[in-house]
Amino acid sequence: MGLAGAATAYEILARLFFEPAHVPPLSAVVPEALRLLTGERFWTATGRTLSAVAVGLVIAVVAGILAGFALGSVPQVRRATSSTLDFLRPVPSIVLIPVLVLVLDVRQITVLLVAVSCFWIVVFQVLYGLRDVDRVAVDTARAFRLGRLARTVHVTWPTVLPYLGTALRLIVSVALALALTGGLVMGAAGLGEMIWSSQESGESTGMYALVLLTGGLGIGLDQLARLAERRLLHWHVATRREAVA
Amino acid sequence: MRALGYALGLPAVLVAAWWVASDGSTNVFLPPLRTIVEAFRDVWFSGTFVSDVVPSLWRLAAGYAVALAAGVTLGFVIGRWAVPRALTGPLLAYFRVLPAPVLIPVLLVAVGIGDATKLVVITVGAVWPILLNTADGVRAADEVGLETAAAYRLPRRTRHLLVLRGASPQIFAGARQALGLSIILMVVSEMLMSTDGLGFTVVQFQRSFAIPQMWSGVLLIGLLGFGLAKLFELVERRALRWHRGHTGQLTERR
Amino acid sequence: MTSLLEIAGVGKTYRARERTVEVLTAVDLSVSEGEFVALVGPSGCGKTTLLKIVAGLLPATTGQVRFDGRPVTEPPAGLGVVFQEYGRSLYAWKTVRQNVELPLRHLGLSRARRRELVADALDALDAVGLGAAGDAYPWQLSGGMQQRVAIARAVAYRPRLLLMDEPFSAVDAQTRADLEDLVAALWKRYGMTIVLVTHDIDEAVYLSQRVVVLGTGVSGVQADIPVDLPADREQIGTRSSAPFGELRTRVWTQVRRTPDGEPHARRTPESEMA
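Protein chains in written order, with my numbering: chain D, 1 to 245; chain W, 1001 to 1254; chain E, 2001 to 2274.
Since the hints were derived computationally from the structure, they do not count as laboratory data.
Be aware that one or more of the hints could be misleading.
[To be verified] Not close to chain E: a few residues of chain W, all C-beta gaps over 12 Å, as computed:
hint, residue
1, Trp1019
2, Ala1110
3, Pro1155
[Stated by the list, open to error] Label-pair distances were calculated between CB atoms; the ranges are:
hint, chain 1, residue 1, chain 2, residue 2, range
4, W, Thr1158, E, Ala2112, 42 to 52 Å
5, D, Tyr10, W, Ala1069, 39 to 49 Å
6, D, Gln76, W, Phe1049, 47 to 57 Å
7, W, Val1020, D, Val74, 21 to 31 Å
8, W, Ala1086, E, Thr2062, 27 to 37 Å
9, E, Arg2257, D, Thr166, 46 to 56 Å
10, D, Pro20, W, Gly1114, 36 to 46 Å
11, W, Leu1161, E, Arg2114, 14 to 24 Å
12, W, Leu1057, D, Arg230, 55 to 65 Å
13, D, Glu40, W, Trp1018, 28 to 38 Å
Note that CB positions come from ideal geometry on N, CA and C, so glycine has one too.
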């Protein structure tokens, strides 16, 4: 109902106040989107964007978990690095674009942008998780003479896991945004580049259709991340509660 | 004193290492830090500050302010009443996942190139985290607190303010997210469609192979991001002291 | 004495999906000006629901509540409330003083009168050693102290009717006794009407002039037992006296006698959805 209302409102606004070249009506955008869906070009571009997302994510998750545990497990290391991490985190990763353009090709840069931005999110979630490890649980494990490895497997890791689930949900959308930015700013092949070139060549209907489909892609990735999070955390209290409700 | 040592130790070591390692570097792309610092002084403590940094900051401040006002207002309306919530539900779900940078070409087509476009890009991109978080926070307003307010016949306006204040932790969370996003959108939109501003200048330096100057610009954007994040944190800590106390994150008790 | 509160045939039915849940049926009750009435009953009998209907926070499905002769459709003027969840009822971002002052700000009182009322209410707290807590935030205080602040807020408002919903359930036994005596003293001092909802039968007998037992299901008011104990009561002496024991047994028997275990009446809408 709300969806129909929003579509109608858009249609009316677009037709009343804008030129079709600036804001094309939905009745033109939707057929164009369907046409794109049946063509090869859209799927090639989507595949490229998704592969940049996937490679960047894998790098970020692996490196982020390793770095997070390395930094968070030793209190001295953690204290010594916290100010530096605090400084580096808010630095927008896109400032690297001009620097990286000089040494890498645009596809590598796109992957790197995705990896760097998501890396920070993973590192900080791991650090939050490690801070949250229950003192009592650790002491109990020590009382039962569990070794460091066993403690990590049975106590620390399960505590950090929910935080990684949250990280996963966050990084998927960040990764998509940066993969698209790579295409928009540097022309890295993929959806971002396709959107930008249709904008430049004045095919506004095509561009709106692409943006519409990009949103759909966002929804799909988001659902996938949520599914993965639920799988990962099926034993967790919050998940169980959600399942009951 | 120890805390200060911990806070400044590693950054000092890293900067020193960069300085030493890059000193005498002949690689064009990795100029000595000394040269970058000199370029920083020459570029940014001059007319460029007025012609490029000021417009950037102005766009950022205006775009972010509008996003804040619109996000809190709309989020409040959507969170408080069921009808607007039901009407906007699918739309919000869509904009929650739509990556903000793709709004740039859309707005470019819809609004055209101009100062206003960059401002609109920042606003339209940054408004969503604020709006969605405000709506969540307002919707989760404590029932007992609301009933208390109703029983004491507090006027409508006061009750709305109580709800908003109760939602302020979520509003701040959204605003923090939006701030980072605003900086990114500012830089990207300037890289793509500008004749002045930080993003534009850095790209210009890169295209004309003025590498130390470009590095100094990268450094400035980094510092800007860091500085604004710290400033925000300061405001948030003050405004949400009660929340940390209430949820037991503040150990001070009487 | 005239009747301040008139509850006539009040019932409440929730509609959850296809099922309807009757939580309250045909309650008739009248409370006089200045009276202290305790409302008890087994869990699920709708005590809290009734209190919220009286406060004008919930509409009744059947029947009517009249406060001072006028039908209640929204919270009436001159009503104070104290809820069990003090941590949620007090506003965490306001100091103790601001919390107490908030309801007074919209009564059109002079600034001086407002100050006087707040100071007076905080004095009542001071008597039990709250000291200079006026500028503290609720979360800096213990649970018992927070509930005291909620009571002070109600008292400063000078309500004609004070509704209390399980006010002492979330504090420890010692604090509970202190708070009971505080409420008893405030009642005598300000002569307001109090309706107290509690699941603690001893507390109901100790504090009130009349214990009303609410039954589950279709029974409405199960019993209305006057408490003919002396006006001056104290924790140890009163509770160990023979008349107290008899009254407690009478109330107990009534509460146990209510048709317990009727599933349709014991289910609240929350448990229905979970």
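Verification of the supplied hints:
1. Under the 12 Å C-beta cut-off, the non-interface status given to Trp1019 (chain W) relative to chain E holds; the minimum distance is some 47 Å.
2. Listed as outside the interface, Ala1110 (chain W) is consistent with that label: its C-beta sits roughly 41 Å from the nearest C-beta of chain E, beyond the 12 Å cut-off.
3. The Cβ of Pro1155 (chain W) does not lie farther than 12 Å from every Cβ of chain E; its closest approach is about 6 Å, which violates its non-interface assignment.
4. Thr1158 (chain W) and Ala2112 (chain E) have their C-beta atoms about 22 Å apart, which leaves the hinted 42 to 52 Å range violated.
5. Taking the beta carbon of each, Tyr10 (chain D) and Ala1069 (chain W) are about 23 Å apart, not inside 39 to 49 Å as hinted.
6. Here the CB-CB span from Gln76 (chain D) to Phe1049 (chain W) is close to 41 Å, at odds with the stated 47 to 57 Å.
7. In this structure the supplied range 21 to 31 Å holds for Val1020 (chain W) paired with Val74 (chain D), their Cβ-Cβ distance being about 26 Å.
8. Between Ala1086 (chain W) and Thr2062 (chain E) the CB atoms are about 30 Å apart, so this pair conforms to the stated range of 27 to 37 Å.
9. One distance hint, 46 to 56 Å for the beta-carbon pair Arg2257 (chain E) and Thr166 (chain D), holds here, with the actual separation near 53 Å.
10. Our hint of 36 to 46 Å for Pro20 (chain D) and Gly1114 (chain W) is violated, since their Cβ atoms are close to 21 Å apart.
11. Between Leu1161 (chain W) and Arg2114 (chain E), the C-beta spacing of about 19 Å keeps the proposed range 14 to 24 Å intact.
12. Range check, Leu1057 (chain W) to Arg230 (chain D): about 43 Å between beta-carbon atoms, so the 55 to 65 Å window is missed.
13. The given range of 28 to 38 Å is broken by Glu40 (chain D) and Trp1018 (chain W), whose C-beta atoms sit roughly 47 Å from each other.
Going through the hint list in order, the structure does not satisfy hints 3, 4, 5, 6, 10, 12 and 13.
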